[in-house]
Amino acid sequence: MIALSPRSLDEAVRHLADDPALVPVAGCTDLMVRGPEALHRMDRVLDLLGLPELRGICAVSEGLEIGAATTFTEIRHSAAIRAAFPALTAAAEQVGGWQIQNRGTLGGNLANASPAGDSLPVLLALDATVILAGPAGQREVRMDGFHTGYRKTALAPGEILVRIRLPHPPAGTVQAFRKVGTREAQAISKVVVALAGHVEGGRIAGIRLAAGSVAATPVRLRAAEAAILGSSPGLVTAERAGRTAAREVQPIDDVRSTADYRRFALERVVRRMVLGLT
Amino acid sequence: MNGIGASPPRPDGFAKVSGAARYLDDLSLPGMWHGATLRSPHAHARIRSIAWDAALAPDGAVCVTVGDLPGPNGVQLIDDGWPILAGAFTHHVGEPVALVAAPTRLAAQQALQAFTVTYEPLDAVLSLEAAEALPPLYQLGMDSGDVDAALARADLVVEGEYRTGHQEHIYIECNGMIASYAEDGALTVLGSMQCPYYVQKALTHALGLADEQVRVRATTVGGGFGGKEDFPSAIALHAALLARACGRPVKLVYDRHEDIVCTSKRHPTLVRHRTGVTRDGRLAALDIEILMDGGAYTTLSSVVLSRALLHSFGPYRCADVRIRARALRTHTAPNSAFRGFGAPQVEFAIERQMDRIAHRLGLDPLEIRLRNAVAPGDRLPTGQILDAGTSALPCLEEVARRTRFRERRQELEAARARRAAEGDEDQNGAEPRRGIGLSLYFHGAGFTGNGERMMKSPVTARLLPDGRIEVLTAMTDMGQGCSAVFPQIAAAAGGLLPEDVTFAEPDTAEVPDSGPTVASRTTMIVGGLIARVTAALRDRVLEGLPGHTVRDGWIESPAGRVERFRDAARRLRAEHGPVELTLRHEPPAWQTFDETTYRGAAYPTYAWGADVVEVEVDPDTLAVRPLQVTAVCEVGRAIHPTLCAGQIEGGTLQALGWALLEEMKLEDGRYLNDRLATYVIPTILDSPRIDVHLLESHRDGGGPFGGPFGAKGVGELPMDGGAPAVAQAIENATGIGVPAIPATPERLLAWQRAGQTPGGVR
Ligand SMILES: Cc1cc2nc3c(=O)[nH]c(=O)nc-3n(C[C@H](O)[C@H](O)[C@H](O)COP(=O)(O)OP(=O)(O)OC[C@H]3O[C@@H](n4cnc5c(N)ncnc54)[C@H](O)[C@@H]3O)c2cc1C
Numbered sequence: 000m001i002a003l004s005p006r007s008l009d010e011a012v013r014h015l016a017d018d019p020a021l022v023p024v025a026g027c028t029d030l031m032v033r034g035p036e037a038l039h040r041m042d043r044v045l046d047l048l049g050l051p052e053l054r055g056i057c058a059v060s061e062g063l064e065i066g067a068a069t070t071f072t073e074i075r076h077s078a079a080i081r082a083a084f085p086a087l088t089a090a091a092e093q094v095g096g097w098q099i100q101n102r103g104t105l106g107g108n109l110a111n112a113s114p115a116g117d118s119l120p121v122l123l124a125l126d127a128t129v130i131l132a133g134p135a136g137q138r139e140v141r142m143d144g145f146h147t148g149y150r151k152t153a154l155a156p157g158e159i160l161v162r163i164r165l166p167h168p169p170a171g172t173v174q175a176f177r178k179v180g181t182r183e184a185q186a187i188s189k190v191v192v193a194l195a196g197h198v199e200g201g202r203i204a205g206i207r208l209a210a211g212s213v214a215a216t217p218v219r220l221r222a223a224e225a226a227i228l229g230s231s232p233g234l235v236t237a238e239r240a241g242r243t244a245a246r247e248v249q250p251i252d253d254v255r256s257t258a259d260y261r262r263f264a265l266e267r268v269v270r271r272m273v274l275g276l277t
Numbered sequence: 000m001n002g003i004g005a006s007p008p009r010p011d012g013f014a015k016v017s018g019a020a021r022y023l024d025d026l027s028l029p030g031m032w033h034g035a036t037l038r039s040p041h042a043h044a045r046i047r048s049i050a051w052d053a054a055l056a057p058d059g060a061v062c063v064t065v066g067d068l069p070g071p072n073g074v075q076l077i078d079d080g081w082p083i084l085a086g087a088f089t090h091h092v093g094e095p096v097a098l099v100a101a102p103t104r105l106a107a108q109q110a111l112q113a114f115t116v117t118y119e120p121l122d123a124v125l126s127l128e129a130a131e132a133l134p135p136l137y138q139l140g141m142d143s144g145d146v147d148a149a150l151a152r153a154d155l156v157v158e159g160e161y162r163t164g165h166q167e168h169i170y171i172e173c174n175g176m177i178a179s180y181a182e183d184g185a186l187t188v189l190g191s192m193q194c195p196y197y198v199q200k201a202l203t204h205a206l207g208l209a210d211e212q213v214r215v216r217a218t219t220v221g222g223g224f225g226g227k228e229d230f231p232s233a234i235a236l237h238a239a240l241l242a243r244a245c246g247r248p249v250k251l252v253y254d255r256h257e258d259i260v261c262t263s264k265r266h267p268t269l270v271r272h273r274t275g276v277t278r279d280g281r282l283a284a285l286d287i288e289i290l291m292d293g294g295a296y297t298t299l300s301s302v303v304l305s306r307a308l309l310h311s312f313g314p315y316r317c318a319d320v321r322i323r324a325r326a327l328r329t330h331t332a333p334n335s336a337f338r339g340f341g342a343p344q345v346e347f348a349i350e351r352q353m354d355r356i357a358h359r360l361g362l363d364p365l366e367i368r369l370r371n372a373v374a375p376g377d378r379l380p381t382g383q384i385l386d387a388g389t390s391a392l393p394c395l396e397e398v399a400r401r402t403r404f405r406e407r408r409q410e411l412e413a414a415r416a417r418r419a420a421e422g423d424e425d426q427n428g429a430e431p432r433r434g435i436g437l438s439l440y441f442h443g444a445g446f447t448g449n450g451e452r453m454m455k456s457p458v459t460a461r462l463l464p465d466g467r468i469e470v471l472t473a474m475t476d477m478g479q480g481c482s483a484v485f486p487q488i489a490a491a492a493g494g495l496l497p498e499d500v501t502f503a504e505p506d507t508a509e510v511p512d513s514g515p516t517v518a519s520r521t522t523m524i525v526g527g528l529i530a531r532v533t534a535a536l537r538d539r540v541l542e543g544l545p546g547h548t549v550r551d552g553w554i555e556s557p558a559g560r561v562e563r564f565r566d567a568a569r570r571l572r573a574e575h576g577p578v579e580l581t582l583r584h585e586p587p588a589w590q591t592f593d594e595t596t597y598r599g600a601a602y603p604t605y606a607w608g609a610d611v612v613e614v615e616v617d618p619d620t621l622a623v624r625p626l627q628v629t630a631v632c633e634v635g636r637a638i639h640p641t642l643c644a645g646q647i648e649g650g651t652l653q654a655l656g657w658a659l660l661e662e663m664k665l666e667d668g669r670y671l672n673d674r675l676a677t678y679v680i681p682t683i684l685d686s687p688r689i690d691v692h693l694l695e696s697h698r699d700g701g702g703p704f705g706g707p708f709g710a711k712g713v714g715e716l717p718m719d720g721g722a723p724a725v726a727q728a729i730e731n732a733t734g735i736g737v738p739a740i741p742a743t744p745e746r747l748l749a750w751q752r753a754g755q756t757p758g759g760v761r
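Each protein sequence line maps, in turn, to chains A and B. Following numbering that gives the first Met the number 0, the numbering of the first sequence begins with 0 at its first residue and continues without gaps. Following numbering that gives the first Met the number 0, the numbering of the second sequence begins with 0 at its first residue and continues without gaps.
Among these hints, one or two may not hold up.
List of simulated lysine to aspartate or glutamate pairs, EDC-like, C-alpha gap at most 16 Å [stated by the list, open to error]:
no., chain 1, residue 1, chain 2, residue 2
1, B, Lys200, B, Asp512
2, B, Lys664, A, Asp253
3, B, Lys200, B, Glu211
4, B, Lys664, A, Glu238
5, B, Lys200, B, Asp506
6, B, Lys200, B, Asp79
Everything labelled a hint here was simulated from the structure, so no lab data went into it.
Based on the provided sequences and hints, a complete structural model is requested.
Structure representation (C-alpha cells):
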C-alpha cells in the first residue's frame with residue numbers, strides 16, 4: 000500500500016486530480032473495518048490528517064468553523080463548542096468509545112455518509128454548511144443538501160471536505176441530542192435525534208429537528224417541525240411532534256432493529272425533546 | 000499467602016497483561032503455509048461437483064476435498080457423525096466443503112477463487128417449529144410418580160412457554176491450529192483448545208494414525224467457554240489434512256467473522272411447562288417438554304440435552320414429574336457446548352414459570368421459592384437424596400437479606416403506584432422505571448451420570464531430579480485460573496511450598512488423559528486427584544520415616560524440623576531413578592445413575608446460587624440497564640476466592656449479555672450478526688456493579704462428596720441465574736411479560752403491544 004502525506008490542501012487536491020483511484024483517508028475508523036477484501040483493493044491512500052486547512056476549531060464572523068479532520072476527542076474537549084453547540088459535544092461523547100473518538104473525525108463521519116452517523120442529525124439541526132475543495136476551487140453546500148442518497152454525498156470526484164461551519168444559533172436556543180444505540184458504548188445508532196429550537200413570547204419561534212437511522216439518509220423532520228412551529232410548548236405540542244415525526248420517516252428492519260421499534264423510539268424521543276423546549 | 004483460601008497472583012497473569020504471552024497466531028514454524036476453508040453458502044444443498052482450477056490458484060497452492068480423506072469422514076466425539084468436509088450434501092451455511100493451503104494467508108484466501116462448486120439447493124429446516132415434526136437428533140425422558148393424577152388433583156394448573164436464543168462464545172482469541180508432520184510421519188498439532196485428548200482422538204480416528212504418532216499441545220488459550228471443547232478437533236483435522244497435502248506445517252486461524260459464521264453456539268431452546276400447584280403455592284406436578292435446536296449434526300447435543308433434562312425442574316421439590324426432551328435437527332451450524340451446557344436455558348424456563356405461578360397466586364417471588372426450594376435430605380425428581388451441602392435456602396435467605404429484597408420490591412411498587420395516581424407518569428419527567436428481580440439456581444458439578452466413572456481420569460506426579468514434584472494433567476488454563484489453583488491444591492495437600500511443585504504443560508506426549516477441561520470438573524475432580532497424588536508421592540518420600548510429616552516444605556519429626564522435603568526427594572530420585580505415581584478418579588460408590596430411566600444420582604454434588612438484579616428501563620426507548628447484581632453462591636470451598644468471585648462476575652455478565660443484548664438473527668440459515676459490530680456483547684459501560692458473596696458449605700461438614708478441601712465446581716454455575724432474575728426485574732419495572740430472551744427493546748415493544756403480562760398473555 001502506498002500512502003501519500005501532502006502538507007497542504009492544494010497539494011492534496013492536485014494528487015487527487017492526478018490519480019482518481021487515490022482514496023482520501025482521515026482517522027480510518029470506517030475504512031479499516033470494511034473487511035480484508037476492501038482493504039486489499041485500496042492500495043493507494045491520501046492521508047488528510049496532516050493538512051493544516053482541515054484542522055482546528057476557530058471562530059468566524061457567522062459562527063464557528065470546525066476542520067474536517069478534527070477528531071471527536073478534540074470536539075468533546077472544545078470549550079467553544081460546548082458553550083455554543085452542546086448538542087455536538089453530546090454527540091461526540093457518544094461516538095464509539097474513547098479509542099474511536101481519538102481517531103474518528105467529523106469530516107469522516109460526514110463523508111462516510113452512513114444514515115446512522117451520530118453527528119449528522121446534529122449538523123442538520125444546527126443548520127451547518129459544508130465547505131468543499133476541488134480542482135475548480137472551493138464551494139459551499141448546505142448540510143440539507145449534502146447527503147443525496149443512501150451513502151451518497153454532494154462530494155464530486157476529486158473533492159475534499161475541508162471545513163464545517165456552524166452559524167450562531169438565535170439567543171435562547173435549546174439544543175438536544177439523543178442516541179438510541181444497541182448498548183451503552185461502541186454502538187451504532189438504531190435511532191439518533193437532534194433538536195435546536197427557541198421559544199419567544201410563549202410560542203415556538205424556531206425549530207429544527209433531524210434524525211438518523213430512520214431513512215436512507217439522515218433527515219430533517221420537516222413535517223414535525225411544521226406541525227409545531229408557532230405552537231405553545233407543552234405536552235400536546237410535544238405529542239403532536241412525536242406522532243408527526245413517526246409518520247414522516249421510512250425506517251427499515253435490519254440486523255440492528257426493526258422499523259416498528261424505530262418509529263416508536265423516534266416518536267418517544269422527539270416528544271421528550273420537545274417537552275424540553277421552554 | 001498461598002494456602003487454601005488465599006488468593007495468590009496467577010502465574011500466567013503478568014505475561015497476559017504485558018503482551019508477552021504467545022497465542023497460537025503469534026507462533027510460526029519454519030516453512031509454514033497458511034490454510035483457508037471453502038464454505039457452503041447454502042443451508043441445504045446437494046453438491047453436484049467441485050472443480051479446482053490449479054491455474055487460477057496463486058503460488059502453487061494445494062487443495063483438499065472430501066475425496067482426499069485418508070479415513071472416515073467424521074470428527075470423532077461421542078460418535079463421528081459430524082463430517083470433516085461436506086460429502087454429497089451440505090447441511091448448513093458455512094459448512095466446510097474444501098480446503099486450501101498457500102504460502103501466505105492472503106494467497107490462501109485468494110486460492111479459494113480457484114474452486115467452482117455446483118450446488119443444487121434443497122428445502123431447509125430452519126426453525127424449531129419446522130423441526131418439531133421431524134425425527135429428532137436425540138431424545139430422552141424421565142418419569143417420577145404419576146404426573147397426570149397429580150395435575151388432575153392440583154388446585155391450579157399453570158402453563159408457560161419460554162424461549163432462549165443462540166449465544167456466541169466471543170472468546171477473545173479466535174479458534175486456530177498449526178499442524179506439522181515429521182519425516183517419520185508423526186503428526187504434531189498446536190492450538191487453542193480445552194481438550195487436548197479430544198483433538199488427539201479425532202486425529203488418530205480420521206487419519207488412521209496410532210496414538211504415539213499424534214502429539215497435541217495446547218498453546219496459551221485466550222478464552223473458551225465451551226467453544227473450544229469440540230470445535231478444535233475439526234480445525235486440527237483441517238490443518239493436518241492440509242499439512243499432509245502440501246508437505247509443510249500449516250496454520251489455520253479463523254478471523255472473527257469466520258469464527259462466528261461457522262463455530263458452534265449455545266442451543267436455542269423452547270421449554271413448555273405445565274405445572275400443578277396447591278393453593279398455598281407448593282409444586283404438585285411438573286410436566287416439562289424441552290426442545291433444543293441441535294443444528295445439522297449431533298456433536299455434543301446428546302449430552303447437552305441430558306444436562307438440560309437434569310436441571311429442568313430447578314432447585315425445587317416435586318414428586319410427580321414428567322420430562323420429555325428432544326434435540327432437533329435444523330439446517331444450521333451444529334450447536335454445542337457453551338458454559339452451562341443446557342442448564343441456563345432450562346433454568347431460565349423453570350424460574351420464569353415459578354414467577355408466573357407466584358403472580359397467579361399473589362405470592363412474591365421470594366415466597367414461592369422459599370416454599371419449594373430443596374433442603375438437605377430432600378429428593379430430587381431423579382430420586383437423588385440431597386447432601387448436607389444443599390444450600391438453596393441459605394443462598395436465597397442471604398441474598399434476600401443483603402438486598403432487602405422484600406422491602407425494596409415494596410418501595411418500588413409504592414413509587415409506581417404513586418406515579419400512576421398522579422396521572423400521566425410520562426409528563427412527570429423522563430426518569431427511568433426501576434425494577435428488581437430474583438432467581439434461585441443450581442448446577443450439577445462434574446460430568447453427568449456415569450461419565451466420570453467411565454473415564455476414570457488419571458493424574459500423574461513424579462519427582463524431578465532437583466527434588467520438586469511435577470504434576471501432569473491434560474487440563475488447559477483458558478483464563479479460568481487452574482494454573483493458579485492447582486499449585487495451591489498440590490502444595491496444601493503435600494504440606495509443601497508452592498515452589499516445591501511444578502505443573503507440566505498440556506501436551507499429549509507428556510501428560511496422561513485426565514479428561515477434558517469442561518463441566519466445572521477441573522478443580523473439583525482433577526484438583527481432587529492432584530491433592531491425592533501429591534500426598535501419595537510425598538508419602539513415598541517419607542517411606543522409612545515413621546512418625547514424620549511434611550509442613551511448609553520441611554520434613555518434621557515429633558522433635559522438630561529434620562530437613563527440607565526437596566533435599567530428601569532429590570536424594571531419593573538420585574538413588575532410585577524415576578519415581579512416579581498415577582492415580583485415577585473413582586466416583587463415590589453411592590453415586591449410581593441409570594442412563595435409561597434417568598433415575599439416580601446424576602452428579603456427585605451441586606453448587607447453589609441466588610441472584611438479585613436491579614434494573615432501570617428507559618420509558619422512551621425500553622432500553623434495559625442492569626444497575627446492580629448481588630450474587631450469593633455456595634461453592635463448597637473457595638480455593639482461590641479472587642478467581643472464584645471472578646468466575647461468578649464473568650459468568651453473571653455473560654448471562655446478562657445473553658438475556659439483554661445478544662441476539663443472533665438468521666435469514667435463510669445465515670447468521671446476520673456475523674461480526675462484532677452487529678453481535679453485541681456487553682461493554683464495561685453495560686456492566687452493572689456485581690457484588691459476589693461466597694458461601695462455603697465445607698464449614699458445616701460439606702456433603703458426602705468432597706472435592707479437594709470441600710471445593711465444588713463453580714465455572715458454569717453463575718451462567719444459570721442472571722437471565723431469569725433480569726427478566727423478572729424487567730416485568731417488575733414495566734409490567735411487560737418477558738417469556739423469552741434476549742429481552743431487547745424491540746421485543747419488549749412487541750410484547751407490550753401483544754398484551755404480554757407477568758401472568759401470561761392478557
Ligand atoms: C468500533 C467503531 C465504532 C464506531 N462507532 C460510531 C458511532 O458510535 N457513531 C458514528 O457515527 N460512527 C461510528 N463509527 C464510524 C466512524 O468512527 C465514524 O464515521 C468516523 O467519524 C469516521 O471518521 P474517520 O476519520 O475515521 O473516517 P475514515 O475511515 O478515514 O474515512 C471514512 C470515509 O470518508 C472519506 N473521508 C474522510 N475524510 C474525508 C474528507 N475530509 N474529505 C473527503 N472524504 C473524506 C474516506 O475516503 C472514507 O470513504 C464507529 C466505527 C468503529 C470502527
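A quick look at each hint next to the structure:
no.	hint	result
1	B/Lys200 / B/Asp512	holds (11 Å)
2	B/Lys664 / A/Asp253	holds (10 Å)
3	B/Lys200 / B/Glu211	holds (11 Å)
4	B/Lys664 / A/Glu238	violated (33 Å)
5	B/Lys200 / B/Asp506	holds (13 Å)
6	B/Lys200 / B/Asp79	holds (11 Å)
When the structure is compared with the earlier hints, a violation turns up for hint 4 alone.
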